[in-house]
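A.B. asks: One-letter residues, chain by chain:
There are 2 protein chains.
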Amino acid sequence: MARNAFYAQSGGVTAVINASASGVIETWRHYAQQRPDEIGKLYAGRFGILGALTEELIDTTHESDEAIAALAHTPGAVFGSCRYKLSDPAKDRSQYERLIEVFRAHDIGYFFYNGGNDSMDTALKVSEIAAEMNYPIHCIGIPKTIDNDLVETDCCPGFGSAAKYVAVAMREAMRDVEAMAGTSTRVFVMEVMGRHVGWLTAAASLAAEAGGPPILLLLPEVPFNERAFIDRVSACVTKHECCLIAVSEGLRDGNDRLLGDTGHLDAFGHAQLGGIGARIAELVRGLLGYKVHWALPDYLQRSARHLASTTDFLHAQGVGRSAVEMAMQGKSGIMMTVVRHAEHPYSWEIGTAPLQAVANREKMLPREFISDDGFGVSEACKRYLMPLLDGEEYPPYRNGLPDYVRFKNVMVEPKLSPFVP
Amino acid sequence: MARNAFYAQSGGVTAVINASASGVIETWRHYAQQRPDEIGKLYAGRFGILGALTEELIDTTHESDEAIAALAHTPGAVFGSCRYKLSDPAKDRSQYERLIEVFRAHDIGYFFYNGGNDSMDTALKVSEIAAEMNYPIHCIGIPKTIDNDLVETDCCPGFGSAAKYVAVAMREAMRDVEAMAGTSTRVFVMEVMGRHVGWLTAAASLAAEAGGPPILLLLPEVPFNERAFIDRVSACVTKHECCLIAVSEGLRDGNDRLLGDTGHLDAFGHAQLGGIGARIAELVRGLLGYKVHWALPDYLQRSARHLASTTDFLHAQGVGRSAVEMAMQGKSGIMMTVVRHAEHPYSWEIGTAPLQAVANREKMLPREFISDDGFGVSEACKRYLMPLLDGEEYPPYRNGLPDYVRFKNVMVEPKLSPFVP
Chain A
3 MARNAFYAQS
13 GGVTAVINAS
23 ASGVIETWRH
33 YAQQRPDEIG
43 KLYAGRFGIL
53 GALTEELIDT
63 THESDEAIAA
73 LAHTPGAVFG
83 SCRYKLSDPA
93 KDRSQYERLI
103 EVFRAHDIGY
113 FFYNGGNDSM
123 DTALKVSEIA
133 AEMNYPIHCI
143 GIPKTIDNDL
153 VETDCCPGFG
163 SAAKYVAVAM
173 REAMRDVEAM
183 AGTSTRVFVM
193 EVMGRHVGWL
203 TAAASLAAEA
213 GGPPILLLLP
223 EVPFNERAFI
233 DRVSACVTKH
243 ECCLIAVSEG
253 LRDGNDRLLG
263 DTGHLDAFGH
273 AQLGGIGARI
283 AELVRGLLGY
293 KVHWALPDYL
303 QRSARHLAST
313 TDFLHAQGVG
323 RSAVEMAMQG
333 KSGIMMTVVR
343 HAEHPYSWEI
353 GTAPLQAVAN
363 REKMLPREFI
373 SDDGFGVSEA
383 CKRYLMPLLD
393 GEEYPPYRNG
403 LPDYVRFKNV
413 MVEPKLSPFV
423 P
Chain B
3 MARNAFYAQS
13 GGVTAVINAS
23 ASGVIETWRH
33 YAQQRPDEIG
43 KLYAGRFGIL
53 GALTEELIDT
63 THESDEAIAA
73 LAHTPGAVFG
83 SCRYKLSDPA
93 KDRSQYERLI
103 EVFRAHDIGY
113 FFYNGGNDSM
123 DTALKVSEIA
133 AEMNYPIHCI
143 GIPKTIDNDL
153 VETDCCPGFG
163 SAAKYVAVAM
173 REAMRDVEAM
183 AGTSTRVFVM
193 EVMGRHVGWL
203 TAAASLAAEA
213 GGPPILLLLP
223 EVPFNERAFI
233 DRVSACVTKH
243 ECCLIAVSEG
253 LRDGNDRLLG
263 DTGHLDAFGH
273 AQLGGIGARI
283 AELVRGLLGY
293 KVHWALPDYL
303 QRSARHLAST
313 TDFLHAQGVG
323 RSAVEMAMQG
333 KSGIMMTVVR
343 HAEHPYSWEI
353 GTAPLQAVAN
363 REKMLPREFI
373 SDDGFGVSEA
383 CKRYLMPLLD
393 GEEYPPYRNG
403 LPDYVRFKNV
413 MVEPKLSPFV
423 P
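Read top to bottom, the protein sequences are chains A and B. Quick note on numbering: the first sequence equals residues 3 to 423 in the working numbering. Quick note on numbering: the second sequence equals residues 3 to 423 in the working numbering.
Chain A extracted, bound-state conformation (with noise of 0.2 Å):
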C-alpha cells in the first residue's frame, strides 16, 4: 500500500523556506507518479507540528504544479509555522504518542521536518519513539534559520538572504547618512536579529566601501563595553564625519546578560518589540550629542524574497529536493546539509548529518571571525559570508509588486477524536 509524508515548517519563517517545500513536494510528486503502488501523497501540517497534533493536515495534492513552483519565489511559511517545543518525552510522552497516532491514522511513512535546533531535537525523538512502538517512519530534517547557528552545515538556508537584506539595507542608509551628516544625523543604529548569536550581524559589515566610513559591529559574542563603544564612535565621527553601527538584538553585558532585558529598556517597551538599538542610539546621543536615527527592519530582514541571494535560494530548494532523495533510498535519522568544497569561485553541494549530531546544539560565531577589538569581523569572517549573498533570485512582478502565489490549502478529513495539545 502507498505510504503518505507529512511536511511541517517550525519556527521563524525566512525568505526562502518555502523554496525547500517547494523542492519537498515536486521531488515528491515525481517520485509518486513513478511508483504510485508505492508513493502516496504529501500532507502538510497547518501552523507546523501543531497540525500534527491537532490532526490539522493540508492535502497538498490539491494545489496545482504552477503553485508549486510558484512557491519557491514566495516569503513567509504557505503551509503556517509555529513556536512550539513540545514536552520532554521522559516526562511525558503522551505528545510523541499523538504525533504517532496520527500518522498512523494517515499512513504517514515519511516526516520531513523544516526548522532549526530545537525542531531536529523533535524529529530525532519522533524516530527513536516511533522505533520504540514498532511504527516505521522515515525521519529527515530540511535546516533552515536566518541565524545560521546550526552545526554540522556550513550554513544554514534563509541565512544568506536575511544576510543579503541587512547588508543591502545598512549600504543604502550609508549613502543616506554620508549625505546628510555636514548638518543632520551623524550616526545611524540599526538593530539586528539573532538573539543568541552574531552571524546576522556580522553581515552588516560587508557594506563597507573603500573610501566610505566602516560599519560599527555589535555583536552579542563580544560583552558590550560601554566606554570603548563611545571611544570608537567618537572617532569614526571625527575620521569620516558619520558612523554606522549594526547592533544584535542579543547584545550581551559583562554579565552575560541580555542589555534588552536588564530594565534599562523597559521605558522603551518590552523587549520583545524591540528596543536595544533605541537603547544604543540614545546612549550616542546623550553622551556625543550627535544627531542620532535608528531603523528595526524586524519582520523584514526574514521576509525579503524580494532581495534572496540565488545561493540561499538554491541551497533551500536543494536540501528539500535532496530530503526527499534521502528518503526514497531508505535513509532516516538524519539533516541535510550545505557542504563547501571552495570559497573562490564557491563550489557546494548537498550532504547529510546525523540529527543526534545537530540536535540542540548552537554555533557561536567563531573568535577567529571576530576583530581583534570586537566591533568587527575578520577578513576570514567576510570570506565565508560573501559567498552566500551572491547572485539576486528576483521573484516575478505584477503591477510594480511581487507576485507571490496563495495556497488552498485545503484540509484533510480528521479521523481521529480532537486532541487538545
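If you are wondering where the hints come from, they were derived from the structure by calculation, not from laboratory data. Owing to the predicted nature of the structure, the values given are computational and were not obtained by experimental measurement. Where is the CB? At the ideal position from N, CA and C, for every residue including glycine. The reader is advised that the hints may include incorrect statements.
Unchecked claim - Some, not all, of what chain B presents toward chain A, calculated at C-beta under 8 Å:
1) Val-153
2) Lys-166
3) Arg-177
4) Glu-180
5) Ser-186
6) Pro-299
7) Ala-306
Based on the hints, put chain B in the right spot on chain A.
C.D. replies: Same frame as chain A, but now just chain B:
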C-alpha cells in the same frame, strides 16, 4: 564667455535624486560639447546650498562619463545635501547677497536646485534678488521628495520608489505574520515617514492581496481615534487571524497635536528617533493582549535604490534632463513637473510650473483619496498610486551587493574670503 552652472541637492535624500543629478550633468555635458563658447562647467554644492554659501564647489568635470552614468543607479546624494533654510530676505538679505557674490565670482549663469517646497522658495528668491541686483541667472527647480507633497506636479520624483519600498515591505511582512499568527505575533505595525502628509503611508495599502488580510492605515490627515482603531484591530484579528498596520510618523490627535510630540512618547525616546510605531504597538498589546511586533524602516525607505520603481527613475532622470533643456531655451523661475495624461496604460510627460505657484505650498492626501472610515484609501487613490510603483529598475550588483559609484568630488579653488553661514 562661457557661463557655468551650479547644481545643488537639498533636504532628505531619495533613492533616485542622483538619477536627476545624472540627467542634469549628462545633458549639460552634451551642450557644453556642442557650444563650448557659451556653456562652461557644471559645479555642484558640497552639502547642498551650504556649498554655495561657503564657496565649497565641486567641479563635476573630473568625473568620467561612466561615473555619471553609474550615478543614475546610486542612492543618497552624491554631492551631499543639507537641511538648511536661508534667512528671510525681508529681514536679512546677506545670505542671498553672498550667494550672488559666489555665483558672480565663478561665472555661474544657471542655478539648478533639486529639492522640495522649501527649496523652490529659495530658488524663487535667488531669481528675484539676482534680478534686483542686475545679475543674470537662470533659476530652475527640480522636484524631489519622498513625501509627494509638492503642488503643480502630478507626483514627486523619489516618492514612487519609497512607495514601492513601503508596499513591498508590508506585503512581505504580511506573509510572515500570516504564517505565525496561530501561535505567535498577530499584529504588526510599520512606522512610515511623512511628517505632514499621508501619501507614503497610503502606499502600504497596495500590499493587500485577494484572500489576505486588509492593511489598516493611520494617516496624518485623519485625527487618531483610539477607540475606533482598537475596535478595527480586534475585528480584523477575529476575521483574518492577524492585522497589519501602517502608521505615519505624523499621526495627530483631535487637537492637531503630533502624537509623537505630546509627551506620551517620552518613555520611548525623543520623537526624532521614531516612536509612534512603538506607541501603537504598545497600545494594541496593552488593550487587546495580542503579541505585537513593530518595524521602523527609517532611512531604509528613502535610500532603497535596490527597489527603485522604473516610473520613478524615469521621472527623476527626466526632470533633471529637461531642466537643462529649459535653461538652454532661456527659461527661468520655473520648476519641472510630471504631467499625467492617462492612468491605464499610464502615460506622462515632463512639464513646467512657475516657482511662485509651488514655493511653500503643501499637497495633502485629498479627502476623496481616503476611505470613509479613515483607516484606508479609496480605489481612486490606488489607481493614482499604482503606476508610480511600476517596473523594477535594478542596480547592477557585484559580489552580491549593489555596485554604487563613489565620486572624487574635486573641489574648486575658492576665490573669495570665507563666509560663516
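A.B. asks: Please go over all the hints and tell whether each is borne out by the structure.
C.D. replies: Hint check results:
no.: 1; hint: Val-153; verdict: 25 Å, violated
no.: 2; hint: Lys-166; verdict: 6 Å, holds
no.: 3; hint: Arg-177; verdict: 3 Å, holds
no.: 4; hint: Glu-180; verdict: 6 Å, holds
no.: 5; hint: Ser-186; verdict: 5 Å, holds
no.: 6; hint: Pro-299; verdict: 6 Å, holds
no.: 7; hint: Ala-306; verdict: 6 Å, holds
In the structure shown, a violation is registered for the earlier hint numbered 1 alone.
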